[in-house]
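Asks: Sequence:
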Amino acid sequence: MFIGIAAALVAGTMLGLYALPGKYTSDFEEENKWSLFFVLTMFVVPLVATFSLLKGVGSIYSGIETNILLTMIISSFLWGVGVMMWGKAIDHIGLSLGFSLFIGTVILVGSILPLGIAISKGQSLPSTPALVAILSGIAIVLLGVLSNGKAGLTREADEAAMKSDEGPESSLDASAKTKSYALGITIAVVGGLLATGFNVAFTYGAGPLGDAVTANGNPGWMTAMAVMLPVFLSGGVVMTFYFLYQLSQKKSWGKFKTPAFGKNFVLIFIMAFFHYAASAMYAFAADKLGANGPVVVYAIFNTTCLVVAVLSGILTGEWTKASPGARRWLYTGLVCMVAGVLVLAFGQTLDQAPPTEAVADLVSVLKPAGV
Numbered sequence: 012m013f014i015g016i017a018a019a020l021v022a023g024t025m026l027g028l029y030a031l032p033g034k035y036t037s038d039f040e041e042e043n044k045w046s047l048f049f050v051l052t053m054f055v056v057p058l059v060a061t062f063s064l065l066k067g068v069g070s071i072y073s074g075i076e077t078n079i080l081l082t083m084i085i086s087s088f089l090w091g092v093g094v095m096m097w098g099k100a101i102d103h104i105g106l107s108l109g110f111s112l113f114i115g116t117v118i119l120v121g122s123i124l125p126l127g128i129a130i131s132k133g134q135s136l137p138s139t140p141a142l143v144a145i146l147s148g149i150a151i152v153l154l155g156v157l158s159n160g161k162a163g164l165t166r167e168a169d170e171a172a173m174k175s176d177e178g179p180e181s182s183l184d185a186s187a188k189t190k191s192y193a194l195g196i197t198i199a200v201v202g203g204l205l206a207t208g209f210n211v212a213f214t215y216g217a218g219p220l221g222d223a224v225t226a227n228g229n230p231g232w233m234t235a236m237a238v239m240l241p242v243f244l245s246g247g248v249v250m251t252f253y254f255l256y257q258l259s260q261k262k263s264w265g266k267f268k269t270p271a272f273g274k275n276f277v278l279i280f281i282m283a284f285f286h287y288a289a290s291a292m293y294a295f296a297a298d299k300l301g302a303n304g305p306v307v308v309y310a311i312f313n314t315t316c317l318v319v320a321v322l323s324g325i326l327t328g329e330w331t332k333a334s335p336g337a338r339r340w341l342y343t344g345l346v347c348m349v350a351g352v353l354v355l356a357f358g359q360t361l362d363q364a365p366p367t368e369a370v371a372d373l374v375s376v377l378k379p380a381g382v
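To convert a position in the sequence shown, counted from 1, into our numbering, add 11.
Simulated from the structure, these hints should not be mistaken for lab results.
Nothing here was measured: the structure is a model prediction, and the numbers come from that model.
Some clues are possibly wrong.
[Unchecked claim] Computed spacing ranges between beta-carbons, pair by pair:
1) 264 with 164: 28 to 38 Å
2) 225 with 59: 14 to 24 Å
3) 70 with 331: 29 to 39 Å
4) 326 with 70: 41 to 51 Å
[Stated by the list, open to error] Only pairs whose alpha carbons sit at most 16 Å apart, straight line, appear in this in silico EDC-like list of lysine to aspartate or glutamate:
5) 266 with 38
6) 332 with 169
7) 274 with 38
8) 66 with 169
9) 268 with 38
10) 261 with 41
11) 262 with 38
12) 262 with 40
13) 261 with 40
14) 99 with 41
15) 266 with 76
16) 268 with 40
17) 268 with 41
18) 34 with 102
19) 34 with 222
20) 332 with 170
21) 266 with 40
22) 99 with 40
23) 261 with 76
Ideal Cβ placement from N, Cα and C applies to all residues, glycine included.
Using the sequences and the hints, build the whole thing.
Replies: Here it is as structure tokens:
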């Protein structure tokens, strides 16, 4: 159990910190940083990890049905757009808000989606105690998302007021910043909605790929790696076309020719490794904790990720110009989302399925869609 809990903490920490090294790149525009990141995290790291660690890769993918693969690819395109928007949101509004708004939206949609699917298929809903707990958790997380949005708008107003006091030219800069904050909040929320495509891809692919993974002598937790390869490759295609366009339109190709490229590459590779490894570590942790593993890991992972991301944003000075009121909204949002995640996890334990069924179902339903 200790190994599973430790792995969940490491996974949450890695995802919470993955974007932090990007704050220390130099001589790169936003397009340079994120295009290199997505090349590494969507193509290089998954391909190297899959072919290095997974046995029988060819056999695993040769047996998957075409309709399942197409569903995974289409869902992965949406997820790719969502993750791309997440990166842009972080550039607009920082780590603290970018993470909390995005992850909060993912948790909300990822929790509501199974209920909607059950209703549409005429399946029975969770028991009354479980349903009350799940809906309560959703409501608490929603309060957290709204509180974080309020924190961002309050911080925006604080910075605009400070710029206004500095003179007319600073007021113009503040106006531009205001638009950037509003756009960043929107991007984070919409990106979180689209990123739930990962859940769909995982739900359709985990069953057949999981059987193939174990049949080829791999541990069950490596199913996540098998699912992630087509998901990451498909999502990466969307990002490749987007950033080719952005780099050309903004004439940013020349920015790669900088003496700081080596340092930037190392920092961005760390980002890519953390981003990918968080998912694999999540699956490993769930496997180690047994039947209730996915529920426990879901709570630990998301709680750790949110806390680490918010604290790293605070420690790197994102909120130094914010008023105490703005910071109170941020802390309130964080507390609500952490509490909501714990309530959701508790609700899932009330109708616990048999061990083998629970692991398969909960990993696909509760898998954090943004990673």
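Asks: Run every hint past the structure and note whether it holds.
Replies: Going through the hints against the structure:
no., hint, verdict
1, 264 with 164: 28 to 38 Å, "36 Å, holds"
2, 225 with 59: 14 to 24 Å, "22 Å, holds"
3, 70 with 331: 29 to 39 Å, "55 Å, violated"
4, 326 with 70: 41 to 51 Å, "47 Å, holds"
5, 266 with 38, "7 Å, holds"
6, 332 with 169, "7 Å, holds"
7, 274 with 38, "11 Å, holds"
8, 66 with 169, "55 Å, violated"
9, 268 with 38, "9 Å, holds"
10, 261 with 41, "11 Å, holds"
11, 262 with 38, "14 Å, holds"
12, 262 with 40, "10 Å, holds"
13, 261 with 40, "10 Å, holds"
14, 99 with 41, "8 Å, holds"
15, 266 with 76, "43 Å, violated"
16, 268 with 40, "12 Å, holds"
17, 268 with 41, "15 Å, holds"
18, 34 with 102, "9 Å, holds"
19, 34 with 222, "41 Å, violated"
20, 332 with 170, "6 Å, holds"
21, 266 with 40, "7 Å, holds"
22, 99 with 40, "12 Å, holds"
23, 261 with 76, "41 Å, violated"
Hints 3, 8, 15, 19, 23 from the list above are not met by this structure, while the remaining hints are.
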